[in-house]
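Colleague: Going by our numbering, 72 is the number at position 72 of the sequence shown; the sequence numbering is gapless.
Just to be clear, a hint being listed does not mean it is correct.
Below 27 Å or equal to it, Euclidean Cα-Cα: the simulated DSS-like pairs (lysine-lysine) are [said to hold, decoys possible]: (1) K119 - K83; (2) K173 - K138; (3) K119 - K21; (4) K119 - K143; (5) K93 - K127; (6) K173 - K128.
Simulated DEER-style distance windows between Cβ atoms [what the hints assert, rightly or not]: (7) K78 - Y147: 32 to 40 Å; (8) F38 - D172: 33 to 41 Å; (9) G189 - K83: 31 to 39 Å; (10) E193 - K93: 22 to 30 Å.
Just so you know, the hints here were simulated from the structure itself, not pulled from any lab data.
A virtual CB, placed ideally from N, CA and C, is assigned to each residue, including glycine.
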Amino acid sequence: MDARMDNYHAWVIETDADILKSGLLEMLKMSEFAVLGFEEDFQSDRYMAAWILGESHLAIHVFLEDNETYVELTSCIKEKSDKFKKIFESTFKLTRVGKENETHKINGKAMGNYDSWIKVTDPNMLKKGLKVMLEESKFLTSKFIEYKFQPEGHTAVWMLNGGHLAIHTFPDKDKTYVQLSSGRGIEIGKFTERFKTTFEQTCEDPPC
């Protein structure tokens with residue numbers, strides 16, 4: 001796997017969980033992504049789902065009261081990402097796409113994103129450290145899924161109250177990609193501060 005991550009963020013006008021799950025699964029297959037794991041979570045203010053893929057992850061946050069869904073695809077295979085985007089944008093009605101979603105609000109709701117590359121690839125060390133950081137930042141973990149690509153790496157996704165955290169390790173390149181997405185700005189700030197003082201970061205993709 002190439003250790004570069006392509007991030008795609010979009011808001012769509014579709015909140016039916018079954019339509020989203022079946023539609024996105026079909027798009028992933030058409031884009032030649034290998035689906036290796038799936039988990040979903042019903043929270044008080046949203047429905048969440050996450051797919052662990054052969055080279056990435058896909059996550060959605062469905063806001064029923066606002067009639068919009070946040071969709072996030074993170075992948076290190078740009079060709080597959082581009083194919084997925086093309087199919088996705090021709091299927092769903094989008095209200096916003098791209099990095100501008102970091103400040104896009106729907107009836108007071110927003111999704112913020114923090115990502116970084118760090119020089120730690122041991123899954124157990126990462127899971128233990130990130131668990132503590134999430135708790136200290138007042139994030140509650142409701143579901144957790146992971147998949148080990150031996151010997152290529154490890155992918156894990158934490159479903160949180162109001163967001164999700166994902167990691168992709170690349171042992172052969174001695175680095176791990178960490179991505180936090182949430183509508184809780186204060187908690188993101190606390191996590192980011194703690195994260196930066198704990199892990200040594202690299203100045204690669206994305207730049208420090």
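Colleague: Run every hint past the structure and note whether it holds.
Modeller: Status of the hints after comparison with the structure:
For the given pair, K119 sits about 31 Å from K83 by alpha-carbon distance, which is inconsistent with the 27 Å threshold. For the hint linking K173 to K138, the alpha-carbon distance of about 32 Å lies beyond 27 Å, and the restraint is violated. Straight-line distance between C-alpha atoms of K119 and K21 comes to about 34 Å, which puts the hinted pair past the 27 Å bound. At most 27 Å may separate the alpha-carbon atoms for a hinted pair to count; K119 and K143 meet this at roughly 26 Å.
Under the criterion of a C-alpha separation no larger than 27 Å, the hint pairing K93 with K127 is inconsistent with the structure, at around 36 Å. Between the alpha carbons of K173 and K128 the distance comes to roughly 21 Å, so the proposed pair stays at or under 27 Å and holds. The hinted range of 32 to 40 Å is not satisfied by K78 and Y147, whose Cβ atoms lie roughly 21 Å apart. Look at F38 against D172: about 27 Å separates their beta carbons, and that is not inside 33 to 41 Å.
Look at G189 against K83: about 35 Å separates their beta carbons, and that is inside 31 to 39 Å. For the hinted restraint 22 to 30 Å between E193 and K93, the CB-CB distance of approximately 38 Å leaves it violated.
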